[in-house]
Amino acid sequence: MADYQQMWADLEMDLEKHDALCEVLPEAFGGIYLTQQDRPKGMDFYDFVVSEIHGVRPAEMLEHQKKGGKVFGTFCVYVPDEVVFAAGGIAAGLCGGSQFWVSGGEKVLPANTCPLIKASVGARLDKTCPFFLIPDMYVAENTCDGKKKAWEILAREVPMHIIDLPQMKRERDIAAFEAEIRDFIVTVEKVTGNKITAESLGKAIKLINNKRRALQRVYNARKASPVPISGKDALLVTQINFYDDPARAAQMANSLADELEQRIENKFGVFPDNAVRIMVSGTPMAIPNWKLHHIIESLGAAVVVEESCTGTRYFENLVDESASTLEEQIRAMAERYMKTNCACFTPNSARVEDIIRLSDEYKVDGIIDTNLQFCNLYSTESYLVKQSVTERNMPIMHIETDYSDQDFEQLRTRVEAFLEILRK
Amino acid sequence: MIVIGIDIGSVAAKGYIISSGHHHRTIIPTGWSPRDAGQVIIDQLLDASRIERDQVERIYVTGYGRVAFEQADKTITEIKCHARGIAELYPEVRTIIDIGGQDSKVIRIGEKGQVLDFAMNDKCAAGTGRFLQVMATALGLDVSELGHAEEPGQMQTISSMCTVFAESEIIGSLARGNPKGGIIAGLHQSVGKRVAAMVRRMGIKEQVAFTGGVAINPGVKRALEEELGTRIIVPEACQYTGALGAALLALENR
Ligand code: SF4
Ligand code: SF4
Numbered sequence: 021m022a023d024y025q026q027m028w029a030d031l032e033m034d035l036e037k038h039d040a041l042c043e044v045l046p047e048a049f050g051g052i053y054l055t056q057q058d059r060p061k062g063m064d065f066y067d068f069v070v071s072e073i074h075g076v077r078p079a080e081m082l083e084h085q086k087k088g089g090k091v092f093g094t095f096c097v098y099v100p101d102e103v104v105f106a107a108g109g110i111a112a113g114l115c116g117g118s119q120f121w122v123s124g125g126e127k128v129l130p131a132n133t134c135p136l137i138k139a140s141v142g143a144r145l146d147k148t149c150p151f152f153l154i155p156d157m158y159v160a161e162n163t164c165d166g167k168k169k170a171w172e173i174l175a176r177e178v179p180m181h182i183i184d185l186p187q188m189k190r191e192r193d194i195a196a197f198e199a200e201i202r203d204f205i206v207t208v209e210k211v212t213g214n215k216i217t218a219e220s221l222g223k224a225i226k227l228i229n230n231k232r233r234a235l236q237r238v239y240n241a242r243k244a245s246p247v248p249i250s251g252k253d254a255l256l257v258t259q260i261n262f263y264d265d266p267a268r269a270a271q272m273a274n275s276l277a278d279e280l281e282q283r284i285e286n287k288f289g290v291f292p293d294n295a296v297r298i299m300v301s302g303t304p305m306a307i308p309n310w311k312l313h314h315i316i317e318s319l320g321a322a323v324v325v326e327e328s329c330t331g332t333r334y335f336e337n338l339v340d341e342s343a344s345t346l347e348e349q350i351r352a353m354a355e356r357y358m359k360t361n362c363a364c365f366t367p368n369s370a371r372v373e374d375i376i377r378l379s380d381e382y383k384v385d386g387i388i389d390t391n392l393q394f395c396n397l398y399s400t401e402s403y404l405v406k407q408s409v410t411e412r413n414m415p416i417m418h419i420e421t422d423y424s425d426q427d428f429e430q431l432r433t434r435v436e437a438f439l440e441i442l443r444k
Numbered sequence: 020m021i022v023i024g025i026d027i028g029s030v031a032a033k034g035y036i037i038s039s040g041h042h043h044r045t046i047i048p049t050g051w052s053p054r055d056a057g058q059v060i061i062d063q064l065l066d067a068s069r070i071e072r073d074q075v076e077r078i079y080v081t082g083y084g085r086v087a088f089e090q091a092d093k094t095i096t097e098i099k100c101h102a103r104g105i106a107e108l109y110p111e112v113r114t115i116i117d118i119g120g121q122d123s124k125v126i127r128i129g130e131k132g133q134v135l136d137f138a139m140n141d142k143c144a145a146g147t148g149r150f151l152q153v154m155a156t157a158l159g160l161d162v163s164e165l166g167h168a169e170e171p172g173q174m175q176t177i178s179s180m181c182t183v184f185a186e187s188e189i190i191g192s193l194a195r196g197n198p199k200g201g202i203i204a205g206l207h208q209s210v211g212k213r214v215a216a217m218v219r220r221m222g223i224k225e226q227v228a229f230t231g232g233v234a235i236n237p238g239v240k241r242a243l244e245e246e247l248g249t250r251i252i253v254p255e256a257c258q259y260t261g262a263l264g265a266a267l268l269a270l271e272n273r
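Protein chains in written order, with the working numbering: chain A, 21 to 444; chain B, 20 to 273.
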């Protein structure tokens, strides 16, 4: 790894604690990722990014800031990155996925807060993650109660723009989201000092759409049997796409997709073609949360699709590129973002329809619907998900878990028993 | 054909050998090493049935210690093994409640003993053998004594679901001079409530069987029957159901 000590010191990170984190990650990654057989060559890039996880990309962001550019940290797939890139800024998804940060968050948050929020707050307050320290501004949203209130705490640390996300999907809600995008444009213009034009926004829309298209290609390849890429690898690709440069992200995902398509032609897979195919649906898995995928795939089943924010919700819909005026573009963006189906909306039956559609498209044998512990939205919704899916005779199991390893054995037993049912 | 099924649980390891109609079974505390426990089980079973190791066709292993035990020809989850074991003993059973040392499970089985659905407790110890273990210690009793020491007529309800709080609650209750037998009945009720909630989520389908180490305790059976309003079957060798299931699956080479 290149030497980033000076860069981390300049960011006023807690170097001692950070060293402890840097020690455990390679081992975890090695055990979970590098032991897999026949990984696509295209994964080398992502392995490299992980090996320099707090180095390469943060260095690029700091370089960007040195040249007067701005960086925006985000926490949700409803934040329209297009706006930031149109103003010459960088947007990076920040959600914390490591148990390492949870205790830092617990210092200020109630115990019954979901680990994603705890880890995100902890990563900032403990100063152990450069990504959380670099941004000039955080862009947060009114989604679940836990996040909403956590932003008020983080707002004392860093300038914060809140997007008021509607929680229903009527026409007036889409219009309201349009207004939110307009407000966001004003903020971004102010912070970056750059005006957003129809031309720059049009370019940014294409830029982000291209990344989405590339991810769609990678995911489409997973519909094949035998599946050419493991669920763990695909998850890593999505996770890294949250903060990588979008043009490079698209390029890397496209070349990975080329390789996967070649594999499909050669009928080459990373699991036998009779392997059980699993869909994981539910809450996002922020990097480095690979726990559930690892359990499932260690037991010989393949995760072939994630119905989550670190999965299909991230890239499924595109913004209409034919919009040419700012007015039309903003409308097109509002329409695109409001198509995403998160449990913070009510009713959210479209998500259930998504799950059913995806289970067909990816020919899954069973669904593991999961949510992070204390996520009231997704755990409540899991009841309806189970009902609808069971009506269609699709086997489903619900798992609630956190970032710790405590329940690893228990989860293994549950997943294994579920697979026994599917394999019978 | 000679086969062995072993169930290495968190508290006890159980073994079952089937050889042309003869059965032998054995049980030992798991102790610190699930691997050693598995070996002792095999030795005891071979001894008891006067059989050599190489006459054994297959060994199937289940229970939380299954992953640590290398001699297994196959490892299977407790869930499938309990289902198979019960289907052999009581073919009419459709719902199994299994309460072991560190977890509790509800298993819905079909007509052929196949697992249709299952639920397991969360990380927490409430509603498991562990909960009763902690409470027995707080009451100065051995966990095996609880079952016959309860006085349901003097029930002292425990309100805390959490093991830690429940422990201080019963210590307080004792200090206030409440009868021990009533407190114990309350503990059983608490486990029963917790597990019954899990059963109701899945839907009660008769008949209902109760397996695992905690099933030895008649107080928990009583509490479950009251909570669920149904009669519950406890197999005579309730602790061995998983090992029996493993042995049967080995016999069937499944
Ligand atoms: S689960 Fe909902 S709130 Fe969380 S990142 Fe996804 S869209 Fe946003
Ligand atoms: S997982 Fe649930 S509780 Fe956690 S941030 Fe997302 S919506 Fe909120």
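Hint data in this document are derived by calculation from the structure and do not stem from the laboratory.
Glycine included, C-beta positions come from ideal geometry on N, C-alpha and C.
Certain hints may be false.
[To be verified] With the Cβ distance kept under 8 angstroms, some of the chain A side facing chain B (calculated, not the full set): (1) Glu172; (2) Val206; (3) Glu209; (4) Asp425; (5) Thr433; (6) Arg443; (7) Lys444.
These are the hints, each one checked on the structure:
At about 30 angstroms, the closest approach between the beta carbon of Glu172(A) and any beta carbon in chain B exceeds 8 angstroms, and the interface hint on this residue is violated. About 46 angstroms separates the beta-carbon of Val206(A) from the nearest beta-carbon of chain B, more than 8 angstroms, and the hint is not met. Proximity of Glu209(A) to chain B is violated relative to the hint, the smallest CB-CB distance being about 48 angstroms (cut-off 8 angstroms). Hint on Asp425(A) is violated. Least Cβ distance to chain B is approximately 11 angstroms, over the 8 angstroms limit.
Below 8 angstroms, beta-carbon pairs count as interface contacts, and Thr433(A) has one with chain B at about 5 angstroms; its hint therefore holds. For the restraint placing Arg443(A) at the interface with chain B, the shortest Cβ-Cβ distance is roughly 10 angstroms, beyond the 8 angstroms limit, so the hint is violated. Restraint check, Lys444(A) versus chain B: the minimum CB separation of about 6 angstroms is within 8 angstroms; hint holds.
In this structure, the hints that do not hold are numbers 1, 2, 3, 4, 6, in rising order.
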